[in-house]
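*Asks:* Fit chains B, C and D with the ligands to the known structure of chain A by using the hints.
4 protein chains.
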Amino acid sequence: MKVLLIGDIVGRAGRRAVRELLPDIIDEEEIDFVIANGENAAGGFGITKKVAQELYNYGIDVLTMGNHTWDNKGIFKFIEDDQNLIRPYNYPSGTPGRGYGIYELDSGVKVAVVNLLGRIFLDNVACPFEKLEELLNEIEADFVFVDFHAEATSEKVGLGRYFDGQVATVFGTHTHVQTADEKVLPNGTAYMTDLGLTGAVDSILGMKKEGVLKKLTTQLPQRFSVATGDTQFCGAVVDLDLENGLANSIIKVREVYQN
Amino acid sequence: MKVLLIGDIVGRAGRRAVRELLPDIIDEEEIDFVIANGENAAGGFGITKKVAQELYNYGIDVLTMGNHTWDNKGIFKFIEDDQNLIRPYNYPSGTPGRGYGIYELDSGVKVAVVNLLGRIFLDNVACPFEKLEELLNEIEADFVFVDFHAEATSEKVGLGRYFDGQVATVFGTHTHVQTADEKVLPNGTAYMTDLGLTGAVDSILGMKKEGVLKKLTTQLPQRFSVATGDTQFCGAVVDLDLENGLANSIIKVREVYQN
Amino acid sequence: MKVLLIGDIVGRAGRRAVRELLPDIIDEEEIDFVIANGENAAGGFGITKKVAQELYNYGIDVLTMGNHTWDNKGIFKFIEDDQNLIRPYNYPSGTPGRGYGIYELDSGVKVAVVNLLGRIFLDNVACPFEKLEELLNEIEADFVFVDFHAEATSEKVGLGRYFDGQVATVFGTHTHVQTADEKVLPNGTAYMTDLGLTGAVDSILGMKKEGVLKKLTTQLPQRFSVATGDTQFCGAVVDLDLENGLANSIIKVREVYQN
Amino acid sequence: MKVLLIGDIVGRAGRRAVRELLPDIIDEEEIDFVIANGENAAGGFGITKKVAQELYNYGIDVLTMGNHTWDNKGIFKFIEDDQNLIRPYNYPSGTPGRGYGIYELDSGVKVAVVNLLGRIFLDNVACPFEKLEELLNEIEADFVFVDFHAEATSEKVGLGRYFDGQVATVFGTHTHVQTADEKVLPNGTAYMTDLGLTGAVDSILGMKKEGVLKKLTTQLPQRFSVATGDTQFCGAVVDLDLENGLANSIIKVREVYQN
Ligand SMILES: [Fe+2]
Ligand SMILES: [Fe+2]
Ligand SMILES: [Fe+2]
Ligand SMILES: [Fe+2]
Ligand SMILES: [Fe+2]
Ligand SMILES: [Fe+2]
Ligand SMILES: [Fe+2]
Ligand SMILES: [Fe+2]
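Residue numbers (this note's numbering), protein chains in the order written: chain A, 1 to 259; chain B, 1 to 259; chain C, 1 to 259; chain D, 1 to 259.
Here chain A stands alone, though its shape is the one from the complex (with noise of 0.2 Å):
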């Protein structure tokens, strides 16, 4: 059994790399089940229902999200009654919306797909750690999906090394660069820093360069757009041992869909 996951999809040109070589890669990898990070979708800041939407019919089962959760309000119109849409599960309780979700393929298998955001460089949430800990004790599930959110590798690396052997994969998203560190760890559980941006090639994060080196120079307010021209895809294929819930293989995928 197969997932993809799909890294932080940023603005048109990242649901134009979805919509142009998802369905491709879906069928050549025979990939059962699809996760994507969606916190940028929406014009590089956060998500709206339509767009959402948008992302679903293209082939993706389940939208992750991060520190931009909450960056377009129109989130809130429908964050509620979308099941296939994970905040992060470390927010304070009583927050909109899901932490994790778990869902039933045709065969049967059900996936657990976690969102949880870091701390350090990041925001002021409880512990990753210590939540996703508990989360594991209360919920039943045959594969363990995690997104983890975050900055700094020392986080990522470490939770991905703590809860080795607990979870089938622990991804990092975040800083929209792909890392070239996927493998699976001693005791199974398929690890990536980070799946990197799916969105415009030529572009600093997905969004239009000169915004941002004008910010970095300058220091002061820009407004960001998101880039436009040739995009890429990138995520990764993960190999699941149907009998004890860990990983097989991981596999980094960055395509370019040129304009």
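Hints are computed from structural coordinates only; laboratory data are not their basis. Among the hints, a few may not be true.
Note that identical chains are pooled: a pair holds if it fits in a single copy or bridges any two copies.
[Claimed, not checked] Keeping only pairs whose Cα atoms sit at most 20 Å apart, straight-line, the calculated SDA-like set for lysine to any residue is:
no., residue 1, residue 2
1, 50, 104
2, 209, 237
3, 214, 76
4, 49, 96
5, 131, 93
6, 73, 110
7, 73, 225
8, 49, 104
9, 2, 253
10, 209, 187
11, 214, 94
12, 73, 83
13, 183, 106
14, 131, 95
15, 77, 258
16, 208, 220
17, 131, 92
18, 183, 1
19, 214, 97
20, 49, 98
21, 183, 229
22, 2, 164
23, 73, 219
24, 77, 120
25, 215, 68
26, 73, 214
27, 73, 26
28, 73, 224
*Replies:* Just chains B, C and D with the ligands now, with coordinates in the frame of chain A:
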């Protein structure tokens, strides 16, 4: 002409990877010049004269540093004399040591190596964009290599894009996780967000897992020590164009030496 | 000769405190010159030409700014023309506006006002120590006032101590909480870590409590708006020594205007 | 009934201020209970059994801590046994020591002391609002005192406002600069953003100026040592209302002991 870049060498395990793997890589790839990040070479924290000498003996030509430059006080004893040790250029004026060096190869080619430190989530130093721009107006070299030791991908990708066409290569260090985004940018500069860890495979960023995990889960202070066992060599090979001072290609390298 | 310093003026409530209380303070204390921090004067975020003019009309001579300088885009329309508006001096070169001003009083006395931004937990700007040291070598004035807009007390106390004897006064802004440490340092510089909030009393830093508390407890984005009701005026009066350009005394001021 | 609060005691100079000034203050103000922050009591970094005992001998009843709790490893030897030493309550469960204590006075009055750590610009701990709310539902005491050891004024003022009417006093520590905002909030809780430094007057936050200034200007690592000379005692006296468990008044204290 080819230059080999090596990511953060962490402790004895990292140095062993260099000793065992570097000579063959130099031979097979026909490398003309070797630049390595040495900020964690001595026990994971800083560098000493003895450790620097050991690394030069293995075939490294220039060592760059980062936020851990001063962790080992031994550096103050030799940094002024060692022409091949480069600490961040954007430290305050009056900082011991040098922030760049220009090296003439047997072929007569002049290679400049600059070390810069990021500011986002890192240290309070002068603007890396401004300082590099100034420096490029001052120095003369056939090829300029910039080790941008930084945390945030926005700042790293940003600096690469900003100086695209002006320097031969911008490579990142510091995260100890190799990225998969190596490429020649549109105007000819080779770029890679992070070269990755040269050190123990079964580790968190080169250090023993136990201490780092205890820190992450308990928040109590821990002593971190260098991990052992199989060790990896991470970096990249840049093929240069003698006609324009830019890059033809950049290919990432990751090799494991089994203990 | 006496100079009055006023802490961060937050929105309409802060401006009302200035309007109602400043004239009497100027009269009673026989104030010769008034410097106020205006970074939150327009609705809590930045400043506009109209708001600046209003504050000048109330008797303020010079407005300094801080990390909120650019929050209101209206500032770009008049910052180049307004000789009495001072933004942080340690912004990158090329930043609109001016980082210091020298003002000649009717008595012929020249007062320099410099605005600096802190780096610890704040913004990526040039070193405030280095920049001020350079500036003091360039300018000529009878008295130099430094508004050090910063977060960390180590950086604020440190700057005061470092320039003790070189400038008339180092005063802090930004925390919106008045400190009780006003004093003349051993070498004659008046110092105070923070002048405090000029704005609504029943508030969190001048803003309505509800929004700030919701942000702190839910981590969800909130709209912050200026609080109303009784309003306070915070600052300090510095008595200067015309013979040596230093200070005889500094006395903090806090008055409440009941609505 | 009156409780005396003492701000961060820094090293030998701070302890001397306590020794020389505390007995008279207790007598003159008719103090019933003394709470002091001891996170810097041993050489500026952490605390030891001997130092804690010394402070209890001077008349302190309870010592609270902060981000420097574990700086001196000596604490691990006695924290489990010392009922009067309180470390931040919002550390992870399993942390050595206790996060609050309830003390019965001779009069039969029960005083609870809670220590909380801030998250903004500080440490990755559990939400102080959530943890305190939980704790208040669990414990029974006549008066609750909260030492909120935090950096950002928004978080400190916010916590005071949030629990206004629910606890007797919220006082801040950590910045080593006394604030001038002591007051009884509308619903009866005494509040003060920071008690200030108990330690050497001619210093930067209690430490020798030279080292701190060198760190601020060179960014090179420095050894910080406790300053000497005249020493100050900073804190506040809270007068309590036995009928409602709230406060009648809070008056800040600052006294200097000339060496
Ligand atoms: Fe993202
Ligand atoms: Fe993110
Ligand atoms: Fe490193
Ligand atoms: Fe580093
Ligand atoms: Fe402000
Ligand atoms: Fe500010
Ligand atoms: Fe502290
Ligand atoms: Fe402290």
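*Asks:* With reference to the structure, classify each hint as holding or not holding.
*Replies:* Hints and how they fare:
1. 50 x 104: The answer is neither: 24 Å in one copy and 59 Å across copies each exceed 20 Å.
2. 209 x 237: Intra 30 Å, inter 26 Å, cutoff 20 Å: neither.
3. 214 x 76: between (32 Å within a copy, 16 Å between copies)
4. 49 x 96: Within one copy only: 15 Å inside a chain, 40 Å across chains, cut-off 20 Å.
5. 131 x 93: For residue 131 and residue 93, both the intra-copy (11 Å) and inter-copy (12 Å) Cα distances are at most 20 Å.
6. 73 x 110: neither (31 Å within a copy, 47 Å between copies)
7. 73 x 225: both (18 Å within a copy, 18 Å between copies)
8. 49 x 104: neither (23 Å within a copy, 57 Å between copies)
9. 2 x 253: Close inside one copy (13 Å), not across copies (28 Å); limit 20 Å.
10. 209 x 187: Result: close only across copies, 14 Å inter versus 41 Å intra.
11. 214 x 94: So residue 214 and residue 94 pass the 20 Å test across copies only (12 Å; inside, 38 Å).
12. 73 x 83: The answer is within: 18 Å in one copy meets 20 Å, while 40 Å across copies does not.
13. 183 x 106: Cα proximity of residue 183 and residue 106: none, with 28 Å in one copy and 41 Å across.
14. 131 x 95: Intra 15 Å, inter 17 Å, cutoff 20 Å: intra and inter.
15. 77 x 258: neither (35 Å within a copy, 42 Å between copies)
16. 208 x 220: within (16 Å within a copy, 27 Å between copies)
17. 131 x 92: both (11 Å within a copy, 11 Å between copies)
18. 183 x 1: Close inside one copy (17 Å), not across copies (33 Å); limit 20 Å.
19. 214 x 97: between (36 Å within a copy, 17 Å between copies)
20. 49 x 98: Classified as within; 16 Å inside a copy, 46 Å across copies.
21. 183 x 229: Answer is between; shortest inter-copy Cα gap is 17 Å, intra-copy 32 Å.
22. 2 x 164: within (19 Å within a copy, 39 Å between copies)
23. 73 x 219: Classified as between; 14 Å across copies, 27 Å inside a copy.
24. 77 x 120: neither (30 Å within a copy, 30 Å between copies)
25. 215 x 68: both (19 Å within a copy, 15 Å between copies)
26. 73 x 214: between (27 Å within a copy, 16 Å between copies)
27. 73 x 26: neither (32 Å within a copy, 47 Å between copies)
28. 73 x 224: both (18 Å within a copy, 16 Å between copies)
Checked against the numbered hints given earlier, this structure breaks hints 1, 2, 6, 8, 13, 15, 24, 27; the rest are met.
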